[in-house]
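Visitor: Sequence:
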Amino acid sequence: MTTLGGGCADGGDGSGPGSVPRSVRAQDDLLKSAESALVRRCLTERQIPTRSVGDDGQGRGVAPQREFPYGIDDPGWAARHGFGIPVERGSREPGVSASEEQQRLSDALFGTGRRELSTRTATGLVVQANSDGCLAEAQRVLYGDLGRWFRTEVTVNNLAAAAHRRVTQDPVYRAALARWSHCVAPVQEADTPGELRSAWQRRARGLAPREATALQQRYAVTEARCVRRTDLARTGARLEKRYAAELRAEYADVIAEHRQLRDHGLRYAVRHGL
1 MTTLGGGCAD
11 GGDGSGPGSV
21 PRSVRAQDDL
31 LKSAESALVR
41 RCLTERQIPT
51 RSVGDDGQGR
61 GVAPQREFPY
71 GIDDPGWAAR
81 HGFGIPVERG
91 SREPGVSASE
101 EQQRLSDALF
111 GTGRRELSTR
121 TATGLVVQAN
131 SDGCLAEAQR
141 VLYGDLGRWF
151 RTEVTVNNLA
161 AAAHRRVTQD
171 PVYRAALARW
181 SHCVAPVQEA
191 DTPGELRSAW
201 QRRARGLAPR
211 EATALQQRYA
221 VTEARCVRRT
231 DLARTGARLE
241 KRYAAELRAE
251 YADVIAEHRQ
261 LRDHGLRYAV
271 RHGL
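Residues in the sequence shown are numbered consecutively from 1, following UniProt numbering.
Worth flagging that the hints you see were computed from the coordinates, not collected in a lab.
Take the hints with a grain of salt, since some may be wrong.
[What the hints assert, rightly or not] Capping the alpha-carbon separation at 20 Å, the derived lysine to aspartate or glutamate pairs in EDC-like fashion look like this:
(1) Lys32 - Asp145
(2) Lys32 - Glu153
(3) Lys241 - Asp231
(4) Lys32 - Glu257
(5) Lys32 - Asp263
(6) Lys241 - Glu67
(7) Lys241 - Asp170
[Unchecked claim] For each label pair, taking beta carbons as the anchor points, the in silico distance ranges come out as:
(8) Thr168 - Gln201: 18 to 24 Å
(9) Gly206 - Ser106: 35 to 41 Å
(10) Ser106 - Glu189: 39 to 45 Å
We put the CB at the ideal spot given by N, CA and C, even for glycine.
Could you build the full structure based on these sequences and the hints that come with them?
Guide: Structural data, given as structure tokens:
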């Protein structure tokens, strides 16, 4: 990545003050921070309170985040965390409808009216968004061309889902999945790991939290042992690597355009101290 300044101290990721970070993670953090700063500036100009922006409340009392796209393959993790789905502990107060202030914030962030931005992903999904909200305004300023950014960002971010879909339709994966289904059948009949989770949720509705947790762990351990036994996760990962490479080749022009827009955003963020 070309830096914007020379002779600066190293910033820990190979860059210094006034330069674009070299690592992808640091670049992602910079773009997220810059976008957030521009959104807050826009909201302030529109006299919208910003105290709740960026507070997603994640990471409180939930299982450690692990990705298991083709079934849990770690029996030890499954024994401790089950599927990683929180179990309800007692009744909750009835939900309170969104306040006028929250609605104002949502409208200001994401815009209102007809959705002017639209693109179709590699999975065939049509994604649309407004262009008059503060998020769109921040992206317009940061990347220089909102329409191009929306199209390429949505497309590139969907490629992993497209690769996953191709894997699940592959005959080799389907054969491994059939073996997995036969393996879990003595505990619970299910054609896919998703169906096994749904079966647990149905049975857990009438159970006490401790019993529901124990049942979740039992099902999850069964899933994991059968994933190991049938090589389901490794089969999925191997196929995904191939399909991801195919999709990168198919969408090479869009990926290059997306990278160009990211570079524009990084340079803008550094130049303006965001």
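Visitor: So the hint says 18 to 24 Å: do the beta-carbon atoms of Thr168 and Gln201 match that?
Guide: Holds - the Cβ-Cβ distance for Thr168 and Gln201, about 21 Å, lies within 18 to 24 Å.
Visitor: Take a quick look at whether Lys32 and Glu153 sit within 20 Å of each other, Cα to Cα.
Guide: 13 Å, holds
Visitor: Is the hinted pair Lys32 and Asp145 satisfied, with a Cα-Cα distance of at most 20 Å?
Guide: Distance of about 17 Å is within 20 Å: holds.
Visitor: Would you mind confirming whether the straight-line C-alpha gap from Lys241 to Glu67 stays at or under 20 Å?
Guide: 15 Å, holds
Visitor: Kindly confirm whether 35 to 41 Å is satisfied by the beta carbon distance between Gly206 and Ser106.
Guide: 36 Å, holds
Visitor: Holds or violated: Lys32 and Asp263, Cα atoms, limit 20 Å.
Guide: Within the cut-off at roughly 13 Å; holds.
Visitor: Does the structure keep Lys241 and Asp231 at a Cα separation of 20 Å or less?
Guide: 16 Å, holds
Visitor: Does the beta carbon distance between Ser106 and Glu189 stay inside 39 to 45 Å, or does it fall outside?
Guide: With a Cβ separation near 42 Å, Ser106 and Glu189 satisfy 39 to 45 Å, so the hint holds.
Visitor: Do the alpha carbons of Lys32 and Glu257 lie within 20 Å of each other, as the hint requires?
Guide: 19 Å, holds
Visitor: Can you confirm whether the C-alpha distance between Lys241 and Asp170 stays at or below 20 Å?
Guide: With a Cα-Cα distance of about 13 Å, the restraint between Lys241 and Asp170 holds, given a limit of 20 Å.
Checked against the numbered hints above, the structure violates none of them.
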